[in-house]
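Protein chains in written order, with our numbering: chain A, 1 to 180; chain B, 181 to 297; chain C, 298 to 436; chain D, 437 to 935.
It is worth saying that the hints were derived from the structure and are not from the lab.
On a predicted model such as this, the values are computed, not experimentally measured, just so you know.
There may be inaccurate statements among the hints.
Said to hold, decoys possible - Not the full set, but computed from the structure, chain C residues with beta-carbon under 10 Å of chain A: (1) G331; (2) I339; (3) G341; (4) Y393; (5) M395; (6) E399; (7) G407; (8) A421; (9) T425.
As the list claims (entries may be wrong) - Pairwise CB distance ranges, derived in the manner of DEER restraints: (10) C:E399 / D:I914: 56 to 62 Å; (11) C:L310 / A:I82: 53 to 59 Å; (12) B:W190 / D:D847: 39 to 45 Å.
What the hints assert, rightly or not - Just some of the chain A residues that point at chain B, by a computed CB distance under 10 Å: (13) M61; (14) Q81; (15) V116; (16) V133.
Just so it is clear, CB atoms sit at the ideal spot from N, CA and C, and this is done for glycine as well.
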Amino acid sequence: MLLSFLAVLAIGILRLRNLFAVVMLSGIYSLLSAGLFVVLDAVDVAFTEAAVGGGIATVLMLGTLALTTDREKAPKPGRLQILPLLCVVATGALLIYGTLDMPVYGDPAAQIHQHVAPRYLADAERETSVPNVVTAILASYRGFDTMGELAVIFTAGIGVILLLGRPRKRRGGPSGGQDE
Amino acid sequence: MDAPGLYNYWIVIVLMMTGFYVVISRGNLVKKIVGLNIFQTSVFILYITMGKVSGGTAPILAEGFETYSNPLPHVLILTAIVVGVATTALGCALVVRIKEAYGTVEEDEIQRQDDAT
Amino acid sequence: MQRHIVLRVTTKLLMPFILLFALYVQFHGDFGPGGGFQAGVIFGAGFILYALVYGIESAQRVAPAGALRVLISAGLLLYIGTGFATLALGGNFLDYGMLAHEPARGQHLGIFLVELGVGVTVAATMVTVFFNFASRGQD
Amino acid sequence: MIATHLPALQIVVPLVSAPICLLLRRSGLAWALASIVSWAALACAALLLQQVLSSGPISYHLGGWAPPWGIEYRIDAVNGFVLLIVAAIGAVVMPYARVSVAHELPEEQHATFYTALLLCLTGLLGVTITGDAFNLFVFLEISSLSSYVLIALGRDRRALTAAFQYLVMGTIGATFIVIGVGLLYMVTGTLNMLDLAERLPPMSENRTVLAAFAFLTVGAGLKLALFPLHFWLPNAYAYAPSAVTAFLAATATKVSIYILLRFFFTVFGAANTLELGTLENLLIPLGVAAILVCSTVAIFQTDVKRMLAYSSVAQVGYIVLGIGFASTTGLTAAIVHLFNHAMTKGGLFLALGCVVLRLGSARLESLEGLGRRMPLTMFAFVLGGLSLIGVPLTAGFISKWMLVQAALEQDNRFLAAAVAAVILIGSLLAIVYIWRVVEVAYFRPAPEGDGEGEIAEAPLSMLIPTWFLIGASIYFGIDTSLTLGVAKRAAELLLGGGA
Chain A
1 MLLSFLAVLA IGILRLRNLF AVVMLSGIYS LLSAGLFVVL DAVDVAFTEA
51 AVGGGIATVL MLGTLALTTD REKAPKPGRL QILPLLCVVA TGALLIYGTL
101 DMPVYGDPAA QIHQHVAPRY LADAERETSV PNVVTAILAS YRGFDTMGEL
151 AVIFTAGIGV ILLLGRPRKR RGGPSGGQDE
Chain B
181 MDAPGLYNYW IVIVLMMTGF YVVISRGNLV KKIVGLNIFQ TSVFILYITM
231 GKVSGGTAPI LAEGFETYSN PLPHVLILTA IVVGVATTAL GCALVVRIKE
281 AYGTVEEDEI QRQDDAT
Chain C
298 MQRHIVLRVT TKLLMPFILL FALYVQFHGD FGPGGGFQAG VIFGAGFILY
348 ALVYGIESAQ RVAPAGALRV LISAGLLLYI GTGFATLALG GNFLDYGMLA
398 HEPARGQHLG IFLVELGVGV TVAATMVTVF FNFASRGQD
Chain D
437 MIATHLPALQ IVVPLVSAPI CLLLRRSGLA WALASIVSWA ALACAALLLQ
487 QVLSSGPISY HLGGWAPPWG IEYRIDAVNG FVLLIVAAIG AVVMPYARVS
537 VAHELPEEQH ATFYTALLLC LTGLLGVTIT GDAFNLFVFL EISSLSSYVL
587 IALGRDRRAL TAAFQYLVMG TIGATFIVIG VGLLYMVTGT LNMLDLAERL
637 PPMSENRTVL AAFAFLTVGA GLKLALFPLH FWLPNAYAYA PSAVTAFLAA
687 TATKVSIYIL LRFFFTVFGA ANTLELGTLE NLLIPLGVAA ILVCSTVAIF
737 QTDVKRMLAY SSVAQVGYIV LGIGFASTTG LTAAIVHLFN HAMTKGGLFL
787 ALGCVVLRLG SARLESLEGL GRRMPLTMFA FVLGGLSLIG VPLTAGFISK
837 WMLVQAALEQ DNRFLAAAVA AVILIGSLLA IVYIWRVVEV AYFRPAPEGD
887 GEGEIAEAPL SMLIPTWFLI GASIYFGIDT SLTLGVAKRA AELLLGGGA
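Chain A on its own, in the form it takes in the complex (with noise of 0.2 Å):
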């Protein structure tokens, strides 16, 4: 059910040229993924992906609508993109010829729940006396990606301080503006 909805909204961003409403369709669309998560129990995932996809992306388009534009081009007439459209089938093939041999959803005996997980279910609590499994395995047994996760951040950080920062020296920016 939730899916669908998720359908209907992902092929009303493809047409819509009112960029407002894409980018808000595109906040609900994280809303609802985050719903989705709470029901296959990954609460920390809903969590963070309602604040994040819902809450910071959300604000970041708008905060980049406000300074460009929010109509989109319509695109020109007569022209059917078919490249893209070929590239795309093809890669949804190759993922549903890729789905015949999974296990089927939900299905306890699956190999990706036999060999590494249960190790963390068993022992996490005794080991790093963190009941929220999800937390222990985020921040010890795989703390070294969290540190390149903040990492990830740190770089964005300072990436939009260079692109962004200082906008009063320098009409057009440091690295902007002259041609040639």
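Fit chains B, C and D to the supplied structure of chain A, relying on the hints for placement.
Below, chains B, C and D alone, put in the same frame as chain A:
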């Protein structure tokens, strides 16, 4: 939500591909970023879907529960969400700069201006 | 939006709760859903709300760009610093077990420290990104 | 104690210095720190490689958790070698950057610029060193995000669009890699590469694994500018600041190729992939097409930076060709060419950076008479060009020679002859595009009276790094014991399966 077998994966794939299509077919830079978001969010759904165990509950250990869903995909996706929003932030910053430099955020108009110089 | 009295008052009323909730999420992440990242986002969002209602200038007086730069770096440094501490105590990098006599306690402490680092950097980065976008639009 | 923790220090030292750099704020201090750190990283990489060569692969458990539960760093001859390449280029480019960056960027951005460059270095090293498939993605994103920023700092406004295009393509590539890793995780339940390698062979018929393979290949292909997924690359390299171009050209695509090698041979196992026949059927034609098409396009460029960028895509073609043969000789050729091309192309872009410093652009017509005005720079360029062409006694010759040998080893006579011919044609095309520069720089008179005063030679702080890399590309054309020796071991390791 107890849809049979692989059906769930297929819808997720359709979602993923819609996002992907928005990215590669649309010339508007803002829309490209929205497309990237949809594409990535759908990949997140794919991961979380595969972590679900029927009859399981959220992986926060407590009395009275035996089965938990697989926590590892959740962790991976938490990381991926963050990476995704970092990319979005940078992309938006670039779009703003492009708008300032070119006065437009449409790919073909930018192309035309570049060809003219 | 600075003239809407309703918004100003509601914001003022909401602010402490938002920030408190952020802290709750930060420190309760071990037991329920949440953690440094989510807390950082909420904290940052609360601050952005303040900036929206009371104006960028007054928000920037609370958190000047220089301070934010320090905070962004400080969170990451705290995380890596925890790693170096475990190295110095003779463990592998990020092996929190070394931080206390009992490995499980050390783990808990380590998780607490790195989550704090995550929270600080995330909140500061969000606010910085927002300020940069907002001040871009002003001229 | 330090020796046992080298693998962690290799990554963490550059990473920790990035925020410190940001806090230093002063251009000079930040640069000094970045330079020292890049040299430390080089020392680290050299020690690691030496350790690997003398006593076998190193495994380091981050957080003290044993794999596959924790993240493992695993260094063998293959990534030890790539680490050395990346760290060496970083150590050469950092000192070079000072004057070049001071010229191209406003003062207040310097400290942040070095922060981003350090992050990029960290990311690339992290991708190379890790033994965990998801950790690879995280560090890949660190390097990608910082390189988008670095490219966007170019002075031309086209740098912005180039960076945006790269951002979109790079993110699609990274997402494809995530999908691939996810599918693998789904069927095996593990993320550790060695563990994956052990668990995959019984499932070589599994369709999910095949799909994962395809996604990883396309994802890495986007990142490494595998023809025809290369169209983001020329613009990105052409408009980025000079030091950034040199750094990225010499490292980013190389690391992506390493990802491809690692997944093809270590994770999927040589035998498995070969059965699919994808390598020969897919990579050889793509490599050939890259060499022919992009070398030809390079000839028609009017901007020398763009020309070299297209030449880079063509050179990636040679490497892919070597991988496609999937024989020891072929892989040796590919790995040696990774090294040789990093040195050569790095040196060439550094030389161009000197030109841009003095002339303000790298357009072909503006180079007139430069052979006499900037003799050292242009001579370095010519030597680098010779190596690119593959003239004997240069590093480029060694890799091409190995590649021809690998081609001739093939059973299929026709294929062997055709590929050897393509390599030859590629070199001829390279002669043409290098000659165009030489002709303009040496055989045309300098334009008179357009500028105030003579154009001087580039400063020593830029010439020394340039000559260092160019010198390396000559030296390793004469003394090949290090490069070929390591590359051969790496190739045997890759073909020998997991361990």
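Verification of the hints:
no.: 1; hint: G331; in the structure: holds (6 Å)
no.: 2; hint: I339; in the structure: holds (7 Å)
no.: 3; hint: G341; in the structure: holds (8 Å)
no.: 4; hint: Y393; in the structure: holds (6 Å)
no.: 5; hint: M395; in the structure: violated (12 Å)
no.: 6; hint: E399; in the structure: holds (9 Å)
no.: 7; hint: G407; in the structure: holds (7 Å)
no.: 8; hint: A421; in the structure: holds (8 Å)
no.: 9; hint: T425; in the structure: holds (6 Å)
no.: 10; hint: C:E399 / D:I914: 56 to 62 Å; in the structure: holds (60 Å)
no.: 11; hint: C:L310 / A:I82: 53 to 59 Å; in the structure: holds (56 Å)
no.: 12; hint: B:W190 / D:D847: 39 to 45 Å; in the structure: holds (43 Å)
no.: 13; hint: M61; in the structure: holds (6 Å)
no.: 14; hint: Q81; in the structure: holds (5 Å)
no.: 15; hint: V116; in the structure: holds (6 Å)
no.: 16; hint: V133; in the structure: holds (4 Å)
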